[in-house]
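Using the hints, build the complex out of the two chains.
Protein chains in written order, with this note's numbering: chain F, 232 to 562; chain C, 372 to 697.
Hint data in this document are derived by calculation from the structure and do not stem from the laboratory.
Accuracy of the hints is not assured; some may be wrong.
[Stated by the list, open to error] Label pairs and their computed distance ranges (CB to CB): (1) Arg631/C to Glu369/F: 17 to 25 Å; (2) Glu475/F to Ala607/C: 39 to 47 Å; (3) Thr668/C to Asn320/F: 56 to 64 Å; (4) His439/F to Arg631/C: 48 to 56 Å; (5) Lys381/C to Glu434/F: 41 to 49 Å; (6) Pro660/C to Glu499/F: 27 to 35 Å; (7) Glu380/F to Leu634/C: 30 to 38 Å; (8) Arg450/C to Pro517/F: 56 to 64 Å; (9) Gly269/F to Thr373/C: 39 to 47 Å; (10) Asn511/C to Asn248/F: 24 to 32 Å; (11) Glu369/F to Leu634/C: 55 to 63 Å; (12) Glu612/C to Asn320/F: 51 to 59 Å; (13) Val300/F to Ala607/C: 51 to 59 Å.
[What the hints assert, rightly or not] Each computed DMTMM-like pair below joins lysine to aspartate or glutamate, with the alpha-carbon atoms no more than 25 Å apart: (14) Lys498/F to Asp590/C; (15) Lys498/F to Glu640/C; (16) Lys294/F to Glu317/F; (17) Lys498/F to Asp562/C; (18) Lys498/F to Glu642/C; (19) Lys608/C to Glu252/F; (20) Lys498/F to Asp581/C; (21) Lys498/F to Glu570/C; (22) Lys608/C to Asp562/C; (23) Lys294/F to Glu252/F.
[Unchecked claim] Partial pick of chain F residues on the chain C-facing surface, computed with a CB cut under 10 Å: (24) Gly392; (25) Ile452; (26) Tyr456.
Glycine included, C-beta positions come from ideal geometry on N, C-alpha and C.
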Amino acid sequence: MSLLQVRDLHTHFISRNLDNEIRVAKALNGVSFEVSRGEVLGLVGETGAGKSLTAYSVMDLLKPPAKVVGGTVEFDGRNLRDLEAEDMNKLRGSEIAMVVQNPRSSLDPLTRVGEQLIRVHTAHTDTSESAARARAIEKLGAVGIPAPEQRMRAWPHELSGGMAQRVLIAMALMNEPKLIIADEPTTGLDVTVQAQILDLLRELVVTHNVAAMVITHDLGIVAHYCNRMAVMFAGRIVETGDVETVFDNPSHPYTRTLIASTPERLKEGKQKVLGGGAPPNLYNLPPGCHYVERCRFADESCNKPLSLDQVGDGHFAMCTRLDAVREGWPS
Amino acid sequence: MTEPLLRADKLTKHFVTPRTGQTVRAVNGVSFEMFAGQTVGMVGESGSGKSTVGRMVVRLLKPTQGSVTFRGRDIAPLRDRAVRALRSDLQMVFQDPWSALNPRMRVKRIIQEPLLLHSKLSDSERSDRVEEIARSVRLNTDLLTRFPGELSGGQLQRVCIARAIATSPGLIVLDEPTSSLDLSVRAGILDLLQELREETGAAMLFISHDLGTVRLVSDHILVLYLGHIVESGPMAKVFDEPAHPYTQTLLSAHLPADPRTQLHRHLLEGEIPSPIDMPPGCPFSTRCPLVRDECRTALPPMVDIGDGAQRAACIRIREGSNQVPL
Chain F
232 MSLLQVRDLH THFISRNLDN EIRVAKALNG VSFEVSRGEV LGLVGETGAG KSLTAYSVMD
292 LLKPPAKVVG GTVEFDGRNL RDLEAEDMNK LRGSEIAMVV QNPRSSLDPL TRVGEQLIRV
352 HTAHTDTSES AARARAIEKL GAVGIPAPEQ RMRAWPHELS GGMAQRVLIA MALMNEPKLI
412 IADEPTTGLD VTVQAQILDL LRELVVTHNV AAMVITHDLG IVAHYCNRMA VMFAGRIVET
472 GDVETVFDNP SHPYTRTLIA STPERLKEGK QKVLGGGAPP NLYNLPPGCH YVERCRFADE
532 SCNKPLSLDQ VGDGHFAMCT RLDAVREGWP S
Chain C
372 MTEPLLRADK LTKHFVTPRT GQTVRAVNGV SFEMFAGQTV GMVGESGSGK STVGRMVVRL
432 LKPTQGSVTF RGRDIAPLRD RAVRALRSDL QMVFQDPWSA LNPRMRVKRI IQEPLLLHSK
492 LSDSERSDRV EEIARSVRLN TDLLTRFPGE LSGGQLQRVC IARAIATSPG LIVLDEPTSS
552 LDLSVRAGIL DLLQELREET GAAMLFISHD LGTVRLVSDH ILVLYLGHIV ESGPMAKVFD
612 EPAHPYTQTL LSAHLPADPR TQLHRHLLEG EIPSPIDMPP GCPFSTRCPL VRDECRTALP
672 PMVDIGDGAQ RAACIRIREG SNQVPL
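Isolated chain C, as found in the complex (with noise of 0.2 Å):
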């Protein structure tokens, strides 16, 4: 078995309100592995910590607790300047592209910047590079000399995808890259992802709350509820054998674009509970149809379903009582 590219163990995040100085539990012991190439993504409502994951595999946050090895070493205890170094081979795209590029920069200089940081170019190599990187993410080189408040939407995600993979990272996280686009926008960029991951190689952690893109587009699966992962596996697995009964309720509220597809669906009642007040026991004890007294007490441990290589946290599994009626 070859070693992950990424190992994020019993990852948690847990933030101070400022003034009342509750804690907010955002993300309570995640742990996933990520391989070199693999797309890998990450699923569930708002507030289920899905960004917060994210940002700490880039660590742009620190974790509270929990390890985050990348390539062998651990990068959640490492100081900002030690992190800096790491960036240009952990890269980030966010999801509003209006706001991730600064206006008063032209699109080169955009994309240029962290060449210039992070790699000994001359001027002329650099030029050369960043339009080569521009052909690559499909961006017409005149638009170069452009600042992004003449780019439309579509174009200024490529200048974000294009400036994050400008220095090759082994690691991409883009967090909702497609959800300010339009339809026909996103399979554009949609598109371009996969050819970027066959062209560099590239591992991506993909958050995105589209059931139907992250279907599209990734290998394996993690589905987070109030910052636990209830269910990890290969695409095909989780999204046609869901094992949990959040997978399985949150795969059947998903309205397919095609008016033919039958629909058979568990309405789930209420809203994700807030992570100041976290239930005692299963997070999702407090909305499950299944939810038995002993749910309410512990938390039930993530185990193996056929092979393992799809597992869920649900205490029901073993005894096969774990199917949602639909």
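Chain F with its partners taken away, still in its complex shape (with noise of 0.2 Å):
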């Protein structure tokens, strides 16, 4: 049984233009997948596909003209949209912890690093200040922080990028969460640091038992630390499976693609890979596929409603021509 499940997510950016008429972005389109504990789930796709408004989407923390119209997401047997706003407040940072991409910006600036952490646990529990401050001694330390009792103290300003990434895990950490959320944790990281937060994430992923989504355009991280991969296009989920057989067998034609575009595959020089494209019009999205327009192989049957299909074992794919593109791509 899943620890986080979402059926048929549906966002929509709602808002007026000049004559006052109602414009609606479809920005998520029944995006479904699952993840369990102990597992790392990797959500990859291009700038706009969606990957983080999931992840908004998912805690409840929209602001307006965006609004979720349609889906559940249950979480350990909870609907969270029929939660109250209360009730969501207290499992926010509590069960569901999240790791954003710009740690410095989350961080209060005027608010010592201890302090912060403290305010995160207390916030949550009854516990003293005595002992959260202990607590947050020790997740300190265990995201491995140098003299965590000293860096305490320590004002954001005085973190490093890298520092600053695993004081937020340490956050994270503070009321220990069944899933954690990390949105491009790395990005803008150098690749040595990258390294050691990554471990850490999946580390704590197989010691806590914690699952875990990692929201990345980085296909590298997914391969190397993610046991699933979710592949998202225009606000749906148009591949899934596990990182091996993704990798080993893409069918989706966006998916060849993205892997194609790897520079491991450039190196290996066995095609060209054709351009990117522009994203499709969220006001206007085709009726079926919306990678129709930037498709080599698709035909009528792509403006018919489509879904997941099975393609192997535990691997989907959202794709009418999969036989054509299988012939057809170039090898």
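This is the structure we're talking about:
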């Protein structure tokens, strides 16, 4: 039984234009996935595909004009969309923790690091301040920050990017979460520091048996740190499966293009990658497959409603032209 | 041996912080050569001085010390006015195409501006040339009348590249040209750069922290750490047999986008020290897993490896004890 089950999630940006007509940008269009304890799910896709929006929709952190308009988010037996705002607040930061891309801007610049860690714990529990302090020091140590006791007194601006990201992870751990959502946790960090942070995250998944969802556009991270992956395009998951299965046997033409675009595959020089092209207009999406305009294999069948169909063991793809793609893809 | 197109000799750049008056030792005696048509990849972590070296090569920054000999002439001491005349031969492409282009100029105007400044073409000749350049960067000529705000990231980077090659420069510095682009768009730009390299014969200094990309495009590699070149050599040599402990650990931290490759890693602890507070001796001595006492006192010289095409600055190389256990 998965810890988090997202079913057919739809998120729209609803606004009015200058003529006061309602305009709807369909940013998420039926996103379904699940994450279990002890596994890392990698969510990949290009800018604007809806990766971060998926996380914010799950966490109920959307601000108008964005709004979840359909679907269910089942977490540990509860449908989060039915929860009152107050109950959702209790859940956020305790049972579900989030680590965001830009660590420095998510720390309060006017509060010492230790104080911020303590607050996260006392807000959700009845623990005493001194117990929370001991816990904060323990967590800072656990994420590999040297001299954690002294670091409690540090200001956010005194931390390097890698250290700030560790502090955020320590903060995420303060209340022993069941699920960690990490949105581009190492973008902007150097490779040597990236490796330290990702190792730490994976170790937590294994030792604390938490579930993790990593949002990234780096297929290297997915290849080496995730168990399963989900590829997003224009607000839909177009392919999902075990990482090795998807890399060995990409089915959807978009996944194939992505994997063929990695330096490793380009190096093999097997094929020319056909350029990206623009993402589809979210105000006016095609009726069927959203990839249709960029796809060389599209025909009339692509204009019909699609579903995520099984193509292998635990491997699903959303494409009606799989046979044509398999035969026609340059090898 | 042919004369190099560009020779940087003991390039040094120190900045003084405005309020505290501390010295930031961004680049400390960097020497390398580039030949016509060659692509040199420069890698290193943030703060290693990559961009500063790139900017000194095109003389956007004036070196504190050292020389940049371009086509046989030292351009480091030139006045700004004299540098301007050189710009047609030395061009740069920046990381963020959204901020590198004037938002109020149409694409055509952006590409033709270097031609206005550096050539004596008539209006119609210039117009033809702009279209020719647009085609060579695979930019749809319909886009020439658009403003940058109407273009996608990949298209904008093509405009930046078009602007850089407009005057047929001998050398182009590309500072993280693909880092802000999505994967499939990035592949298209890399492909374009390969083709342009054959078409134009321009030398390229390709600055990137993405080891996969650098490996794909470069003939020669320079590895920077704290403003020092710690290793240089032909691409295949450096990637397959890295000599400097830093190069070895840097490459071991790289994640190839293929779940089947086995990682053999030695993870460095900590982060790159501040260039304000440089360690004495070898710049890598504070993080090196093979550090010895003498590493902390004197800066190790570059030593030849094999036939001398590959060089690295580590005292352990001579005795063959420079391999970090992975």
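* Determine which of the earlier numbered hints do not hold for this structure and return their numbers in increasing order. => Hints 1, 2, 4, 9, 11, 15, 18 and 19 contradicted; others consistent.
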